[in-house]
Amino acid sequence: RFFFSSSNSIKIDKNKNGKFNIKGLYEPSDFVPLAYKCIEECDKLQEELKSIKPSTIKCLQLTDTISNHLCLILDAAELCRNVYESEEWRKAADQVFQVLGTYMEQLNASIHLYLPLKELLSQDLQQFTSEERRVLTEHAKELSHLHDLPTHEKEKSVKYKAKIYELETLFARAVAHGPNENNLSND
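Per the working numbering, the very first residue in the sequence shown carries number 89; after that it's consecutive.
Just to be clear, a hint being listed does not mean it is correct.
Here are the computed lysine-lysine pairs in the DSS-like style, where the Cα-Cα straight-line distance is at most 30 Å [said to hold, decoys possible]:
#: 1; residue 1: 107; residue 2: 244
#: 2; residue 1: 141; residue 2: 242
#: 3; residue 1: 111; residue 2: 244
#: 4; residue 1: 125; residue 2: 206
#: 5; residue 1: 229; residue 2: 251
#: 6; residue 1: 206; residue 2: 132
#: 7; residue 1: 251; residue 2: 138
#: 8; residue 1: 132; residue 2: 146
#: 9; residue 1: 125; residue 2: 146
#: 10; residue 1: 138; residue 2: 206
#: 11; residue 1: 132; residue 2: 242
#: 12; residue 1: 111; residue 2: 242
#: 13; residue 1: 141; residue 2: 107
#: 14; residue 1: 146; residue 2: 229
#: 15; residue 1: 141; residue 2: 251
#: 16; residue 1: 229; residue 2: 242
#: 17; residue 1: 244; residue 2: 179
#: 18; residue 1: 125; residue 2: 141
#: 19; residue 1: 229; residue 2: 132
#: 20; residue 1: 179; residue 2: 138
#: 21; residue 1: 146; residue 2: 111
#: 22; residue 1: 206; residue 2: 247
#: 23; residue 1: 206; residue 2: 107
#: 24; residue 1: 244; residue 2: 229
#: 25; residue 1: 146; residue 2: 251
#: 26; residue 1: 242; residue 2: 138
#: 27; residue 1: 111; residue 2: 206
#: 28; residue 1: 206; residue 2: 179
#: 29; residue 1: 249; residue 2: 125
Taking CB as the label site, the calculated pair distances span [said to hold, decoys possible]:
#: 30; residue 1: 225; residue 2: 174; range: 38 to 44 Å
#: 31; residue 1: 214; residue 2: 115; range: 46 to 52 Å
#: 32; residue 1: 194; residue 2: 144; range: 20 to 26 Å
#: 33; residue 1: 173; residue 2: 242; range: 37 to 43 Å
#: 34; residue 1: 115; residue 2: 213; range: 25 to 31 Å
#: 35; residue 1: 124; residue 2: 215; range: 36 to 42 Å
#: 36; residue 1: 140; residue 2: 225; range: 18 to 24 Å
Calculated directly from the structure, the hints in this document are not laboratory data.
Ideal Cβ positions, reconstructed from N, Cα and C, are used throughout, including at glycine.
Generate the whole structure from the sequences, applying the supplied hints.
Quick look at the structure:
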């Protein structure tokens, strides 16, 4: 998922392997703080995105870096919560998945991410490399379905997606351990 090189603060560290090769992920208790660090970094990138001219390739690079930060942690959490033996690691991964999944949906609803991509799409795409065009069209496509909705529908969609993340977690727990009062409710 890394289309552009960047100086990411959340990194895969080949010299000092953490779980899933993520620096800083050594214990289950590291997972949730790492998710909040990811949110903090994505917020900074989003602020930087707001401050630059929307028609530059830098907008695409920043959007892609945000996506990379999220996917690095979310993909590890998704894998961990579904296949890892340790219950403690799976619980931490569940929390990360819910926190970052909800955050990702809020980002997807952000006009500050969508408008620069839409602006770039309105330009002559031949000025971009084939890789840049592919990344641009994929990111814009992922966001457009939400931004074509009226504001109140967009807000409902974000809430529904957050609920879906919660239900996915409950379902995964029930599959792994069978239904019980700790992982299923009547809601």
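Structure-based check of all given hints:
1. A C-alpha spacing of about 35 Å is found between residue 107 and residue 244, which places the hinted pair above 30 Å, so the restraint is violated.
2. With a C-alpha separation of about 26 Å, the suggested pairing of residue 141 with residue 242 holds against the 30 Å cut-off.
3. Of the pairs offered as hints, the one joining residue 111 and residue 244 is violated, with about 36 Å between alpha carbons and a cut-off of 30 Å exceeded.
4. The straight-line distance between the Cα atoms of residue 125 and residue 206 is roughly 28 Å, inside the 30 Å bound, and the hint therefore holds.
5. This hinted pair checks out: residue 229 and residue 251 have alpha carbons roughly 23 Å apart, not beyond 30 Å.
6. Under the criterion of a C-alpha separation no larger than 30 Å, the hint pairing residue 206 with residue 132 is consistent with the structure, at around 21 Å.
7. The suggested pairing of residue 251 with residue 138 holds, with an alpha-carbon distance near 29 Å, which does not exceed 30 Å.
8. Restraint check for residue 132 and residue 146: the C-alpha separation of about 14 Å stays at or below 30 Å, so the hint holds.
9. Taking the CA atoms of residue 125 and residue 146, the gap is about 23 Å. The hint holds against a cut of 30 Å.
10. A threshold of 30 Å between alpha carbons decides the hint, and for residue 138 with residue 206 the separation of about 14 Å falls inside it, so the pair holds.
11. Straight-line distance between C-alpha atoms of residue 132 and residue 242 comes to about 24 Å, which keeps the hinted pair within the 30 Å bound.
12. Taking the CA atoms of residue 111 and residue 242, the gap is near 35 Å; set against the 30 Å cutoff, the hint is violated.
13. For the suggested pair residue 141 and residue 107, the alpha carbons sit about 38 Å apart, so the restraint of at most 30 Å is broken.
14. For the given pair, residue 146 sits about 19 Å from residue 229 by alpha-carbon distance, which is consistent with the 30 Å threshold.
15. Distance hint between residue 141 and residue 251 is unfulfilled; the C-alpha atoms sit about 35 Å from each other, more than 30 Å.
16. Our distance criterion of 30 Å between C-alpha atoms is met by residue 229 and residue 242, whose separation comes to about 16 Å.
17. Among the hinted pairs, residue 244 with residue 179 is consistent with the structure: their alpha-carbon atoms are about 27 Å apart, no more than 30 Å.
18. Proposed proximity of residue 125 and residue 141 is supported: the alpha carbons are some 26 Å apart, at most 30 Å.
19. With a C-alpha separation of about 23 Å, the suggested pairing of residue 229 with residue 132 holds against the 30 Å cut-off.
20. A distance of roughly 35 Å separates the Cα atoms of residue 179 and residue 138; the hinted pair therefore is violated under the 30 Å criterion.
21. A distance of roughly 26 Å separates the Cα atoms of residue 146 and residue 111; the hinted pair therefore holds under the 30 Å criterion.
22. Under the criterion of a C-alpha separation no larger than 30 Å, the hint pairing residue 206 with residue 247 is consistent with the structure, at around 24 Å.
23. Distance check on the hinted pair: residue 206 and residue 107 sit about 37 Å apart at the alpha-carbon level, beyond 30 Å; violated.
24. For the suggested pair residue 244 and residue 229, the alpha carbons sit about 20 Å apart, so the restraint of at most 30 Å is met.
25. Among the hinted pairs, residue 146 with residue 251 is inconsistent with the structure: their alpha-carbon atoms are about 33 Å apart, more than 30 Å.
26. A threshold of 30 Å between alpha carbons decides the hint, and for residue 242 with residue 138 the separation of about 21 Å falls inside it, so the pair holds.
27. A C-alpha spacing of about 34 Å is found between residue 111 and residue 206, which places the hinted pair above 30 Å, so the restraint is violated.
28. Annotation: proposed proximity of residue 206 to residue 179 is violated, straight-line Cα distance about 38 Å (limit 30 Å).
29. Pair hint residue 249 plus residue 125 holds up; C-alpha atoms about 22 Å apart against a cutoff of 30 Å.
30. Checked against the hint of 38 to 44 Å, the C-beta distance between residue 225 and residue 174 comes to roughly 40 Å, which is consistent with it.
31. Distance hint for residue 214 and residue 115: a CB-CB separation of about 49 Å, consistent with the stated range 46 to 52 Å.
32. Between residue 194 and residue 144 the C-beta distance comes to about 24 Å, which sits within the given range of 20 to 26 Å.
33. One distance hint, 37 to 43 Å for the beta-carbon pair residue 173 and residue 242, holds here, with the actual separation near 40 Å.
34. At roughly 46 Å, the beta-carbon separation of residue 115 and residue 213 lies outside the given 25 to 31 Å, and the hint is violated.
35. In this structure, residue 124 and residue 215 meet the distance hint of 36 to 42 Å, their C-beta atoms being roughly 38 Å apart.
36. In this structure the hint that residue 140 and residue 225 lie 18 to 24 Å apart at CB holds, the actual value being about 21 Å.
When held up to the earlier numbered hints, the structure conflicts with 1, 3, 12, 13, 15, 20, 23, 25, 27, 28, 34 and fits the remainder.
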